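All chains, please: the whole structure from these sequences, using the hints.
So the sequences go chain by chain: A and B.
For the numbering used here, add 173 to where a residue sits in the first sequence, where the first one is 1.
For the numbering used here, add 3 to where a residue sits in the second sequence, where the first one is 1.
Treat the hints with caution; some may be incorrect.
Claimed, not checked - Below are the SDA-like pairs computed for lysine to any residue, each with C-alpha atoms no more than 20 Å apart in a straight line:
(1) A:K991 to A:R970
(2) B:K77 to A:D205
(3) B:K77 to A:W919
Claimed, not checked - Cβ-to-Cβ under 10 Å is the rule here; a few derived chain A residues that face chain B:
(4) A233
(5) R806
(6) D809
None of these hints come from the bench; they were simulated from the model.
These numbers come from a predicted model, not from an experiment.
Glycine included, each C-beta is placed from N, C-alpha and C at the ideal position.
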Amino acid sequence: MATDSRVLRLLRRLAALLIRGPEAVFIRADLDDATERDLERGIPMWRAQWRYAVNVLGSALSARPARWRASRLGVSWLDVRIGLRLLVKQPGLTAVAVFALAVGIPVGLIPLHAASAFEAPPPFAEAEQLQVLKNINVATSRWEAPSAYDFVQWREELTAFSALAMTTRGASYNVIAEDGRAAPIRGAEVTASTFDIVRVRPLLGRTLIAADELAGAPRVVVISHDLWQSRLGADPEVLGRSIRIGGVPRTVVGVMPQGFLFPIRDHLWIPLRVTAATDDHERGRPRIVFGRLSDSVSPEEAQAELMAVGQRMAIASPETHGRLRNEVVPFTIGLFGAGKEGLRGEAGFYGFQVLALLVLAIACANVGMLILARTATRSGEIAVRTALGASRTRVVTQMFTESLVFAVLAAGVGLLIADQISSTLFGWLLDALPYWTNFRVTLATVGWALVLAVLSAGLVSVIPALKVTGKAVQLNIQRAASGRSGVRFGGISSALIIADVTIAVAALGVAVGLSDGLTDIQDSRGIQAEQFLFAELRLPQFESGSDAAAFDEGAFELRLREAQQSLLQRLAAEPGVQGVAVGSSLPGMDHPRSGVEVDGIEHSEDFGDIRVSRARVDADFFDAFGQPVLSGRGFDSTELAEDSPAVIVNTGFVDRILSGQNPIGRRVRYATAADEEPGPWYEIVGVVGPLGMDLVDPGRAGMYHPSAPGKLHPLRLAIHVGDDPESFAPRLRALTGEVDATAIVWDPKALDKIVSFDAKIVGWVTTGAMALVGMLLALSGSGTYALMSFTVAQRRREIGIRTALGAQRSNIVRTIAKRALVQLGVGVLLGMAIAGRVLFEFHRAGRIPSQSPLLLAIAMGVGVMLLIGTLACVVPTLRALKIMPTEALRSGA
Amino acid sequence: MGYLGEFEQLILFAVVELGDDAYGGTIREAIERRTGRVVSSGAIYTALGRLAERDLVTSRIGEPTAGRAGRPRKYYSLEAEGARALSATYSTIQSMAGGLMARVTELAEGG
Chain A
174 MATDSRVLRL
184 LRRLAALLIR
194 GPEAVFIRAD
204 LDDATERDLE
214 RGIPMWRAQW
224 RYAVNVLGSA
234 LSARPARWRA
244 SRLGVSWLDV
254 RIGLRLLVKQ
264 PGLTAVAVFA
274 LAVGIPVGLI
284 PLHAASAFEA
294 PPPFAEAEQL
304 QVLKNINVAT
314 SRWEAPSAYD
324 FVQWREELTA
334 FSALAMTTRG
344 ASYNVIAEDG
354 RAAPIRGAEV
364 TASTFDIVRV
374 RPLLGRTLIA
384 ADELAGAPRV
394 VVISHDLWQS
404 RLGADPEVLG
414 RSIRIGGVPR
424 TVVGVMPQGF
434 LFPIRDHLWI
444 PLRVTAATDD
454 HERGRPRIVF
464 GRLSDSVSPE
474 EAQAELMAVG
484 QRMAIASPET
494 HGRLRNEVVP
504 FTIGLFGAGK
514 EGLRGEAGFY
524 GFQVLALLVL
534 AIACANVGML
544 ILARTATRSG
554 EIAVRTALGA
564 SRTRVVTQMF
574 TESLVFAVLA
584 AGVGLLIADQ
594 ISSTLFGWLL
604 DALPYWTNFR
614 VTLATVGWAL
624 VLAVLSAGLV
634 SVIPALKVTG
644 KAVQLNIQRA
654 ASGRSGVRFG
664 GISSALIIAD
674 VTIAVAALGV
684 AVGLSDGLTD
694 IQDSRGIQAE
704 QFLFAELRLP
714 QFESGSDAAA
724 FDEGAFELRL
734 REAQQSLLQR
744 LAAEPGVQGV
754 AVGSSLPGMD
764 HPRSGVEVDG
774 IEHSEDFGDI
784 RVSRARVDAD
794 FFDAFGQPVL
804 SGRGFDSTEL
814 AEDSPAVIVN
824 TGFVDRILSG
834 QNPIGRRVRY
844 ATAADEEPGP
854 WYEIVGVVGP
864 LGMDLVDPGR
874 AGMYHPSAPG
884 KLHPLRLAIH
894 VGDDPESFAP
904 RLRALTGEVD
914 ATAIVWDPKA
924 LDKIVSFDAK
934 IVGWVTTGAM
944 ALVGMLLALS
954 GSGTYALMSF
964 TVAQRRREIG
974 IRTALGAQRS
984 NIVRTIAKRA
994 LVQLGVGVLL
1004 GMAIAGRVLF
1014 EFHRAGRIPS
1024 QSPLLLAIAM
1034 GVGVMLLIGT
1044 LACVVPTLRA
1054 LKIMPTEALR
1064 SGA
Chain B
4 MGYLGEFEQL
14 ILFAVVELGD
24 DAYGGTIREA
34 IERRTGRVVS
44 SGAIYTALGR
54 LAERDLVTSR
64 IGEPTAGRAG
74 RPRKYYSLEA
84 EGARALSATY
94 STIQSMAGGL
104 MARVTELAEG
114 G
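As structure tokens, then:
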């Protein structure tokens, strides 16, 4: 048929699924007719499809249903309609159940969705052919960046790949356009073959070619569409223009199409010159070797060939390649350093998946309780239907379908919310991820959500349905006639209420404990970080892309020293500036760590078993942060040389490495491998308190070296200016401009906004965990309330009889409350025990500084659940007491 | 005979207009063309089913057609009883509206 398209085929399937009944075949044929005529009339395809979809939905809701029988799938349209009516008829139950599943289903999906997003292939033709070639150190199981030598060997010997390329990653270049403005731009050095492999054509000019890689070739650059627009004014004559990159003038030879930012989020590509001879000093720079598989070669065949080549290389150079194993990994997975299986292959993934599904299971348990309660009220109706000949399967199917209706609704709501918040949730990560990574909801995620919805509907409906259909029909009809529910679910409801209260109390306890741990992370810098302005200063001609020949290290150091000293003098003269600290890393940032040996302390065979954070700082560093040297002395200006033997350690070093012994005068040096020459000894001259070297573990051992002006680049400054430090940023830029017009002040912001990657991860996990426990609490609270109030409401008849017999109101309330309080009490005790245990573990791991939040957390958990429980119990009881006894008895309520 | 709802009237008028070519798809188009109302095929068949149960219309299955993947059409035609019902309902509305439309228009325009 001419009117065929993928969307239409999908819609036809939807029509076949939704439109039931005796006229379905004619309706569906008419739908096709109408679309064909729409297209003949010149209506655009998308509009014809839209009209088709509207007609399908309208027909599904209005077509005459099939007669009272289960369809082939066991689900009839009538059941769906009953389910839809129940949604509207019982808005309270609908709201609670949809909320629970709208939380549970997306949470259950997070691990799979995140893995798919992280591992999405790049947007290139036949992207599955793109593979990364990796070196893995067998001893450490870590990924080692391939060297130029590896690349050259692989390129010469491998036949499984039609082409191989090498690219750097994570580099920033100081780009100065013709207008003289300097700005840091992310870019990559790539071999020309990169563009052949990705098969993306330039928008203007050409991509890099092999001739660009030759020694002495003109210096060229290919730029991104964004860079062309933002820095070069979208000049149509841009080809041939010159821009300075890392101090080196380069001619623009091509502009890539919009959106192309390969390999991560890069805006310029300069030729990577690779020869096997450039091997050793290059090793360690982050680089990727990747290639496109030849046609009809599978990744496994490529893997086998790479292994064979790797073995030959190991025999030829055992000292460098003997410890390496090689792997061929799909491109995006290869970028992350994960194993061949990607995130799904990581040990933690399944744990995460189990936790996420646990949340869904708890949501299901709560919704199941509500369904059970609802089913109890319908036991009479179900008994009558059973008596009239409906089979047990039929009734169970109907109840499943009813639950499916709100499970699908909840999944839809949940996905909509997830789609909106996932970008925010993962947004902070995006900068480090390739440009095609997208956390929006995909068709696959929708598919998984539907699977979970069906499973959830099964879980929440089957037990109530079996229970309600399991009773003798006669008994249920009798009970229905007398107005009573035929179902008693004391045991199950008690167990579920107790489980709910336990979870809620435990969740609240852990949440409060964790939030205290989070506050602790912010406080663990040991300074008033919100009063400092952080800025990073960079001078051009010190970028990783510049040619070594064009770079004079001595001259640069001199220039840097002058700039640093001059800027510090100007800052000191500024009113309001109370101090300036200069360091390689500042409190709260990531600090590099190294293994150390301490003179007089036994070390295990494994070198580097004692690891310390380290930083290089100027003489005023500790004063500027208001951190006195606790014992010993600070650095004096005479020992600010690179090779000074003086170091200052923190209290974490004294406590953890020296077990509290006096450190002054002790010697320490960096650990080296057994066959390497040991480094120089340093002498500890002073001790300072913890200064945010590790926000997650404030007690971590740390060591400070002195640093002279001109030795640190980029230069990281913390300027103590008091409240609202960011208002000082324009002045800092102005002062920097006076000192060196080409210097860049990179992203100045209040120091408390600088958070190390580890702490970000911990913060993110903590926030996620808090959100999760918040959801659990809401689920448990609403579930407990709903079920308790329902069970109490079921006893209205009993309350009526007691009142009629002259029982006192207080006695009735006490009797009703007794059972509820026992359930609450058991739940609270169990919850306290779990929360206590979890928080105790945190406390023992040093994450929570004191026991007090533990008690507070548990007290809060108990308080909240008692409140919910009391309300759930008292409100319906009081309502029942207001009814006249005769009325309660007559209505049989 | 019974009263006809508004939607049923629309359908019967369409059946009259279409004559031998009255089936779900053309009826739907006729209603859309004349009134601007977009109705679903399912609603049309449901209403036609009700009308057929009241013997106001009859249906016959047409020959399978190539354009519909061999699926046949279900053609409807108006019975004398249906024509009487349509006429009576329309007359009722007309009698009731007689002389009142000017006032209705006035009220609709806020007068």
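Verification of the supplied hints:
1. A:K991 to A:R970: holds (18 Å)
2. B:K77 to A:D205: holds (15 Å)
3. B:K77 to A:W919: Violated - the C-alpha atoms of W919 (chain A) and K77 (chain B) are around 74 Å apart, more than 20 Å.
4. A233: holds (7 Å)
5. R806: It is violated, given that the least Cβ distance between R806 (chain A) and chain B is near 86 Å, above 10 Å.
6. D809: violated (87 Å)
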